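Visitor: Sequence:
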Amino acid sequence: MMRAAQLLGLVGGVAWVAAAFLWDGGDGPLELALFWLGAVLVTLYLLDLGMLLVKRGLLALRLFVACALPLLVWMVVVFAATSASDDGIVWGITGAAVAVFAVVQLARPVPQRATL
5 MMRAAQLLGL
15 VGGVAWVAAA
25 FLWDGGDGPL
35 ELALFWLGAV
45 LVTLYLLDLG
55 MLLVKRGLLA
65 LRLFVACALP
75 LLVWMVVVFA
85 ATSASDDGIV
95 WGITGAAVAV
105 FAVVQLARPV
115 PQRATL
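Using this note's numbering, the letters of the sequence shown correspond one by one to residues 5 to 120.
Fair warning: there could be bad hints in the mix.
[As the list claims (entries may be wrong)] Only pairs whose alpha carbons sit at most 20 Å apart, straight line, appear in this in silico SDA-like list of lysine to any residue:
hint : residue 1 : residue 2
1    : K59       : L48
2    : K59       : L41
3    : K59       : R112
4    : K59       : Q109
5    : K59       : V114
6    : K59       : I93
7    : K59       : V44
8    : K59       : P113
9    : K59       : A8
Please keep in mind that the hints were generated in silico from the structure rather than gathered at the bench. Being a predicted model, the structure only gives us computed values, none of them experimental.
Based on the provided sequences and hints, a complete structural model is requested.
Guide: Encoded structure:
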């Protein structure tokens, strides 16, 4: 399940980078489709990443952190996008950062469970 979420993050980040190259104000159907596809995939990746931040604890705490992480990232990125003169650059940089982080996670070996 972890690898699938990491692949979603990689594809979502690449979709945002591609949308940033096509960005001309948010009018084109292809750039909007890439933007929203990337938004959904990056959000799912961040939800999974938030679940991994709390290893032990109540399920309610894990769910709270899982929901808080995407909201925090979205708030920071939207604030930066509204402050920038060209918001396509902000989405592209964010997509590149998410894609790089997903690649780093994919490159790490999967921990093996100990069997008795």
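Visitor: For the pair we were handed, K59 and V44, check the Cα-Cα distance against 20 Å.
Guide: This hinted pair is violated, its Cα atoms lying about 25 Å apart.
Visitor: For the pair we were handed, K59 and L48, check the Cα-Cα distance against 20 Å.
Guide: Since the Cα atoms of K59 and L48 sit roughly 18 Å apart, the hinted pair holds (cutoff 20 Å).
Visitor: Between the alpha carbons of K59 and V114, is the straight-line distance 20 Å or under?
Guide: With a Cα-Cα distance of about 16 Å, the restraint between K59 and V114 holds, given a limit of 20 Å.
Visitor: Hinted pair, alpha-carbon criterion (20 Å max): K59, R112. Please report holds or violated.
Guide: 18 Å, holds
Visitor: Quick one, are K59 and P113 close enough, alpha carbons at most 20 Å?
Guide: With a Cα-Cα distance of about 18 Å, the restraint between K59 and P113 holds, given a limit of 20 Å.
Visitor: Regarding the pair K59 and A8, is the alpha-carbon distance no greater than 20 Å?
Guide: 19 Å, holds
Visitor: For the pair we were handed, K59 and I93, check the Cα-Cα distance against 20 Å.
Guide: 35 Å, violated
Visitor: Can the restraint linking K59 and Q109 be considered satisfied, given a maximum Cα separation of 20 Å?
Guide: 17 Å, holds
Visitor: Taken at face value, is the distance from the CA of L41 to the CA of K59 at most 20 Å?
Guide: Violated. K59 to L41 sits at ~29 Å, over the 20 Å cutoff.
In summary, the structure is inconsistent with hints 2, 6, 7 from the numbered list given earlier, while agreeing with the others.
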